[in-house]
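For the sequence shown, our numbering puts the final residue at 140, and the numbers step up evenly by one.
Source of the hints: derived by calculation from the structure; they are not laboratory data. Ideal Cβ positions, reconstructed from N, Cα and C, are used throughout, including at glycine. One or more hints might be untrue.
Across the chosen pairs, the derived CB separations fall in these ranges [said to hold, decoys possible]:
{"hint": "1", "residue 1": "Y2", "residue 2": "K59", "range": "15 to 25 Å"}
{"hint": "2", "residue 1": "R54", "residue 2": "G119", "range": "27 to 37 Å"}
{"hint": "3", "residue 1": "R56", "residue 2": "L135", "range": "29 to 39 Å"}
{"hint": "4", "residue 1": "P42", "residue 2": "T134", "range": "53 to 63 Å"}
{"hint": "5", "residue 1": "V82", "residue 2": "Y14", "range": "18 to 28 Å"}
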Amino acid sequence: MYVRLFVLMVLVAYSYYAGVSPNTRSHGFRTAVAYGLLVFGPMLYLLPTYEAFRLRQPKRLTVALLNLFLGWTVVGWVVAWVMAIKKPEVVLPDGEESGYFDSELLVRGFSIVNCPKCGEKVKEDAVKCKHCGTLLTPAG
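Using the sequences and the accompanying hints, generate a full structural model.
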């Protein structure tokens, strides 16, 4: 995620520098690299939208619209970037905050219960607690 950001920033900066540099010895190469700005610039601009869709964010349409219309302001782009990479907050069915708990389980539709011995959260259809090793009885 951050590697894409860094690489695109370097490519945009290099393309821009190649376009504004007064050196005429390598004019053809510099012109070709400067045209790379036409490709890498929009890629960098739309990077928050790409990340939101890649990470399947629940508010990816909001990120896309914010990025498209307010991304030209640096603040709008940064807000879109933060919204794109932020993990969604998950509230467990009994109202507790999820804390360290992996939100992928709830996104995929698993039910969560507490282990009777250690009290940690485990999937309802788990056979053994992953925290303490207690054998669990199937819910039914």
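Now the hints, each set against the structure:
Evaluation of the 15 to 25 Å hint for Y2 and K59 yields a pass: the beta carbon distance comes to about 21 Å. For R54 and G119, the Cβ-Cβ distance of about 36 Å falls inside the hinted range of 27 to 37 Å, so the restraint holds. For the pair R56 and L135, the supplied restraint of 29 to 39 Å holds, since their beta-carbon distance comes to about 35 Å. Separated by about 54 Å at the C-beta atoms, P42 and T134 satisfy the suggested range of 53 to 63 Å.
Taking 18 to 28 Å as the suggested C-beta distance range, the pair V82 and Y14 conforms, at roughly 26 Å.
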